[in-house]
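Visitor: Working from the sequences, and respecting the hints, build out all of it.
Residue numbers (this note's numbering), protein chains in the order written: chain B, 1 to 329; chain H, 1 to 329; chain W, 1 to 329.
By construction, these hints were calculated from the structure, which means they are not laboratory data. Keep in mind that a hint or two might mislead.
If several chains are the same, the list does not tell them apart, and a pair holds so long as it fits within one copy or across any two.
As the list claims (entries may be wrong) - Here are the simulated DSS-like pairs of lysine-lysine, each with C-alpha atoms no more than 27 Å apart in a straight line:
no., residue 1, residue 2
1, Lys129, Lys141
2, Lys117, Lys271
3, Lys117, Lys102
4, Lys325, Lys102
5, Lys286, Lys235
6, Lys318, Lys151
7, Lys232, Lys117
8, Lys216, Lys286
9, Lys102, Lys297
10, Lys251, Lys102
11, Lys216, Lys318
12, Lys271, Lys129
13, Lys117, Lys235
14, Lys216, Lys271
15, Lys117, Lys286
16, Lys102, Lys318
17, Lys271, Lys297
18, Lys235, Lys216
19, Lys27, Lys271
20, Lys232, Lys216
21, Lys235, Lys289
22, Lys286, Lys271
23, Lys235, Lys27
One letter stands for each residue in the lines below.
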Amino acid sequence: MSVTTARIMRPDDANIVGNVHGGTILKMIEEAGCIIGTRHCNTQPGDRCAAQLARVERTDFLYPMFIGEVAHVSAEITYTSNHSVEVQVQVMSENILTGAMKTTNRATLWYVPFSLKDVNTVTEVPPIKYASLEKLEEGKKRYEAQKMERKEMKERNGEQLMPVTDPEPYTVGFSQSSLIHLVGPSDCTLHGFVRGGVTMKLMDEVAGIVAARHCKTNIVTASVDAINFHRKIMKGCVVTISGRATFTSNKSMEIEVFVDADSLIETEKEKYRAVTAFFTYISLSKEGKPLSIPALKLQGEEEQKRFEEGEARYLQNKAKRQADKQRQQ
Amino acid sequence: MSVTTARIMRPDDANIVGNVHGGTILKMIEEAGCIIGTRHCNTQPGDRCAAQLARVERTDFLYPMFIGEVAHVSAEITYTSNHSVEVQVQVMSENILTGAMKTTNRATLWYVPFSLKDVNTVTEVPPIKYASLEKLEEGKKRYEAQKMERKEMKERNGEQLMPVTDPEPYTVGFSQSSLIHLVGPSDCTLHGFVRGGVTMKLMDEVAGIVAARHCKTNIVTASVDAINFHRKIMKGCVVTISGRATFTSNKSMEIEVFVDADSLIETEKEKYRAVTAFFTYISLSKEGKPLSIPALKLQGEEEQKRFEEGEARYLQNKAKRQADKQRQQ
Amino acid sequence: MSVTTARIMRPDDANIVGNVHGGTILKMIEEAGCIIGTRHCNTQPGDRCAAQLARVERTDFLYPMFIGEVAHVSAEITYTSNHSVEVQVQVMSENILTGAMKTTNRATLWYVPFSLKDVNTVTEVPPIKYASLEKLEEGKKRYEAQKMERKEMKERNGEQLMPVTDPEPYTVGFSQSSLIHLVGPSDCTLHGFVRGGVTMKLMDEVAGIVAARHCKTNIVTASVDAINFHRKIMKGCVVTISGRATFTSNKSMEIEVFVDADSLIETEKEKYRAVTAFFTYISLSKEGKPLSIPALKLQGEEEQKRFEEGEARYLQNKAKRQADKQRQQ
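Guide: In structure tokens form, the structure reads like this:
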């Protein structure tokens, strides 16, 4: 059971140098996941439901994609628990002029089906068949691991970006940015909730602005840390997306992104934190070579603490990549 | 060699009743054709090229598609001549809640590859392999037939819509409409020409407005007659798309659409007729049943003549459909 | 109480030279105004409501904005009457590579809250607190002034663009243009009315085509006269937007734009004039320097009269600008 989508990359999908935005790719990935997840969860009698994105595992952007290339996105269901579906997605870029094809991304998404009759009810997920017992066991492990991680996830609900007057270059305050978006009909699922892919695209947009302000160069999304979609965002909300630099290594820069939602109409409902995530960017020269990133100037203990946490994530990912490499050899 | 694309239908793809616009579907069809055509024409050494839409054969819309459904578009190359590629496309709608799938469209498109170095040079098309000699012969027949039809195609270059003051309901003047569109970057191919799918979407938009003005009901695209893309439209042009009713039967309505292009900047270049086509619409009740169409009130000999030509096309298509049916039995 | 939005300018936001369309900026301004207006009007018990744009004061475009720059739009409420809200908006462009920031626009918008239960009922506006009595008095003056102007506003309801066969270059008939737009879901507010920003963007599109047809150069929006949104446009309408040149000075060109709406379905409702406005354009060389504008060739008394009225507006604005300058010195 799989689904494949494909689309030509257009100027609006990319930055001025022609690199397709990471957010465009994340949105395509999520759309494929939503199609296959919703399809699967409706393959049994009972309430009709729609799959809602609950979590995206850490995703690396292996190669840049360019305007005029075709993005092929294929998604398949790789594990199901009682109430959730794991979808693995592969993105390939095809240069239709040269025939060159590259795997640019692999992503793992977790969906939860919500009833269309009662949007607060999670429906049962029909089980899939596994090619082998081993596949099932591996899936179970991934399921348990993400469940654990979601529990551990610290609530960062209280934090807000504080505007800084006349900030110094290379400080956190200098590059921090936020944008707001009024949710429109085409941003939503059949339930009237904002689609996860739409949110991720907006997050990448803010993170990209933060990175460009800091680096003043052509920056591209290198990876996105696991994102949990704690709380749904309803149609008619205004979404505020804020980003700030947390960590810089020699060749990369980590940006923390917050998504807050508030209903314009129902004022009694308070603004709430819907999503948080870490995006990592690299800076590229005109020839596409990675450039050095100016070091972040830290001010105060909080920024120092966040920098150290970012560094820990950076080192952990680096170690993981090296372990993966050795395993493959 | 084939390509498949898929996409969820969103509110912006549909009219207020939830029926996906014919133009949305035509645009997806053309994108799939462009991908596979461009890919194929670059499978040999020499100049890189991009496939430009030259002609779409008559296309029927068999079933309506709705918001929330997934449109699957699959395209394959079915014939090649020295300088043109035939692509056959099938569109299926999938209701991911019920699992129902329907073939909603089948279309045949002809592409011509233009060099990216010199946009006036048509490049050679690499031959494809045929499953049987019969397949080759059939393709050749289709190729010759469309070549003939393109030659016979009457030039209607001189005609313009003449505005009517205070028109009577149900006359041609009452419902005729035109729109202009400033070509943007995302409307264009790698050559900087307007993509055929973008043009067809605009044509369907105008035809739909004409049909709605005449019928005052929920109208949907039933079919599109063969469209020839005689002349390319460049980036930086303004496109004027005009539509007028030509014929009404009891349950359908034919609308003639003209596309004219003119460069805003290069004054020496005159406004020219880029495309013409006939769209047929039907009118649907709230339950989705076809309604009667108010008869067109004709004024003058020209309108009478166009009506008769429309009737001839209508009868010819009806006879063809019946012959197809009998052949299938 | 304020709101700030930010967005990167994309290729489709701009013309082929890379200048962001004035209409793109007007649309962002209106979205920020709508968010803060709707939010404010719902800060008290009673019917939920949405703020609908009633009027935009004269707006100048001080500097061009370019693709790749970030537009920052900040809106704050500066006055409230019983049934209307004044929002002042500032737009800044940021070149994120060089860090350069410029104020490109300042705008004043008036909103009226309509109940979501009964879209014909205007709800009460909660009062704001003023920093000083002076601020309140100034706001009251602005409120009275716009009220007066709206009353004085001549109805130009009857006028229509009359097409001209074979028009001579530089005449009014040569460059006049009109487009139609079928209102889609994303064009609308929660009430199902067309958002003011969507209308302004379409108006700028037509005016830009008129200006480009006349000048045959890169033209940019220099200013927009006060716009009154007399009548709401409903979902399911077709909007016809027409523009014609009224006046040319040495370095600028004034274009009058009409917006007419008609329901495709409800026949009893007649086509009506929803909005009219004057847009002023300037013509830029490749180096961004203002070029001379070809003089408008006038034909007939009506065109002569409109030219003189345009000239009066031009001289009045010039005098006002000079007075403002002197006051600042």
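Visitor: Hint numbers the structure violates, sorted upward?
Guide: Of the numbered hints, all hold.
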